[in-house]
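Whole structure, please, built from the sequences with the hints as guidance.
In order, the protein sequences belong to chains A and B.
First residue of the first sequence: -18, per my numbering; consecutive thereafter.
First residue of the second sequence: -18, per my numbering; consecutive thereafter.
Be aware that a few hints might be false.
Put simply, identical chains are the same to the list, so a pair is met inside one copy or across any two.
[Unchecked claim] Derived EDC-like pairs (lysine to aspartate or glutamate); straight-line CA-CA distance at most 20 Å:
1) Lys36 x Asp19
2) Lys1 x Asp74
3) Lys49 x Asp38
4) Lys75 x Glu16
5) Lys71 x Glu51
6) Lys1 x Glu16
7) Lys72 x Glu22
8) Lys49 x Asp19
These are computed hints drawn from the structure, not numbers from a lab.
Chain by chain, the residues run as shown.
Protein chains: 2
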Amino acid sequence: MAIEELTPQERDSWLRALPKWSLARDGRAIERSFEFADFAEAFAFMTRIAIIAEKRDHHPEWSNVYNKVEIALTTHDAGGLSLRDVNMAKKIDKIV
Amino acid sequence: MAIEELTPQERDSWLRALPKWSLARDGRAIERSFEFADFAEAFAFMTRIAIIAEKRDHHPEWSNVYNKVEIALTTHDAGGLSLRDVNMAKKIDKIV
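Next comes the structure, spelled out in structure tokens:
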């Protein structure tokens, strides 16, 4: 899978296809917040993502407070956003 | 279980018994960082804590980046640290 950093043009184009994600201030990650009914639902969601992330060897940076989950996706090997982040964001959008 | 906020004296006394935890800057939470071999180990640790947290109805505020986990414990109902945080920290220390 591509680990080259997206060009600003590619990035903007992909972001239009991911309307629920926003670009981090430094332009190197995309972020989305999620809210669930309770902790059990939030952690069940995280568990599904964890398994996918491990399979793809592409892991989110994330935090959880009770029913809220914040996810940032970035590709360290590319020094910013890559297609791997786009694909992971799409997968997460499908799960939620 | 107690949900009263600890007095500064109680807090300092308990913190001496939890040398791996440090007090948050606002004094309302205790924090500890963990490092594992890889993501799978880090998430396995989180899963064990999630189940305990749900059982106790006392949930951590936490974040994860690959093999690193940061945990903060606080008791919102008490407006700061309570014995529930101390007990959870002890439990986490036993797991790790």
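Hints versus structure:
1. Lys36 x Asp19: between (27 Å within a copy, 13 Å between copies)
2. Lys1 x Asp74: For Lys1 and Asp74, only the intra-copy Cα distance (8 Å) is at most 20 Å; the inter-copy one is 38 Å.
3. Lys49 x Asp38: Between copies only: 15 Å across, 24 Å inside.
4. Lys75 x Glu16: This pair counts as within: shortest intra-copy Cα distance 15 Å, inter-copy 31 Å.
5. Lys71 x Glu51: within (16 Å within a copy, 27 Å between copies)
6. Lys1 x Glu16: Intra 13 Å, inter 31 Å, cutoff 20 Å: intra-copy only.
7. Lys72 x Glu22: within (18 Å within a copy, 23 Å between copies)
8. Lys49 x Asp19: within (8 Å within a copy, 24 Å between copies)
In summary, this structure violates none of the numbered hints.
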